[in-house]
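Taken in sequence, the protein lines are chains A and B. To convert, note that position 46 of the first sequence is 46 in the numbering used here; the numbers rise steadily by one, no gaps. To convert, note that position 29 of the second sequence is 29 in the numbering used here; the numbers rise steadily by one, no gaps.
Calculated from the structure, these hints are not laboratory results. None of these values were measured; they are calculated from a predicted model. No false leads were mixed into what you were given.
To give an idea of the interface, some chain A residues facing chain B are shown, with a C-beta separation under 8 Å as derived from the structure:
1) HIS7
2) GLY8
3) ARG50
4) ALA52
5) ALA54
6) GLY56
7) ASP57
8) LEU59
9) VAL73
10) LEU75
11) PRO76
12) PRO77
13) SER79
14) GLY80
Distance ranges between label pairs, derived from CB positions:
15) ALA43(A) - PRO97(B): 49 to 57 Å
16) ALA45(A) - GLY24(B): 52 to 60 Å
17) ASP32(A) - ILE85(B): 43 to 51 Å
18) GLY15(A) - HIS98(B): 49 to 57 Å
For every residue, glycine included, the Cβ atom is placed at its ideal position computed from N, Cα and C.
Spelled out from the first residue to the last, the chains are:
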Amino acid sequence: MLQIEFHGVLQQAAGGRTMELDGVASGATVADVLERLKGERPALAAHLPRVACAQGDSLVRHNREVDIHRPLVLLPPVSGGSAEETGQP
Amino acid sequence: MSRMTDQPLDMDQLLRDTENDTCGALVIFAGVVRNHHLGKGVTGMRYSAYGPMAEKVLVDLERETLEKFPVAECRIVHRTGDLAIGDASVLVVVRAPHRGDAFDAARYAIDTLKVRLPVWKHDFYEDGTQGFQDGVPLETSDVARGGDEP
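Take the sequences, apply the hints, and build the full model.
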C-alpha cells in the first residue's frame with residue numbers, strides 16, 4: 001500500500017492531506033501512480049500536469065520507479081518568498 | 001538554527017550569525033505580507049511547506065550562492081503558519097567584501113528560492129473569501145519539463 005501525501009491546493013482537490021493507494025506494483029513509476037490517481041480522485045486530474053513529486057527530501061522524476069515503502073509527496077506549483085515578485089500587477 | 005520556522009523571523013540572530021570582518025557590504029532582503037493580491041484586499045496569509053525538502057533546498061541554495069558569487073556569507077530563513085500584513089515571510093542575508101557582489105547574490109538567492117522552495121501561500125481576503133495563490137511548477141512537473149520525458 002502506497003501512501004500519498006498532498007500539499008497546497010492539492011489537499012482541497014484530494015479531499016484530505018493523505019490517502020493510501022492499494023495495488024501499486026513493485027516497479028511502478030511516478031507516472032503510473034499519477035495515472036491511477038486520476039481515477040481515484042478525478043478532481044486532481046487538472047492539477048497533475050503541473051505537479052512535481054518527492055520522496056523524502058528529494059524530487060523524483062515522473063519516469064522513475066516509486067519506492068512503495070515511502071510516501072509519495074505531491075507538490076503543486078510553489079509560491080514561496082515574498083509577495084512582491086509574483087509577476088502579477 | 002532551522003531555516004524553516006513557524007516563529008517570527010529573527011533578523012538580529014541572522015546578523016549575529018553572519019558577522020564577518022572581511023565584508024564591507026551587507027545586503028538584507030525581507031519579503032513581507034502585503035495587503036492586496038490581484039486587485040483584492042488581503043487581511044492575512046497562511047504559509048505551508050513540505051518541510052523535509054524545504055530545509056534541504058535552503059541549505060543547498062545558500063551553498064550554491066556562496067559558490068556562484070564572491071560573497072562570504074549567505075543565510076536564508078523562511079516562515080510558515082499564519083502571518084499578518086507586514087510580517088516577514090522570508091529573510092535573505094548576504095555579506096561580501098563589495099556591494100555589487102552582495103546585491104547580485106541576494107537577488108539570485110531570492111529569485112531561485114521562488115522556483116525551488118516547496119512553499120505555498122493561502123490568502124485570506126477582505127471579502128471573506130480565501131484561496132491558494134498559483135505559482136511556479138517545480139522542475140519535475142510535466143509543465144516544467146516541457147514534455148521532454150516519457
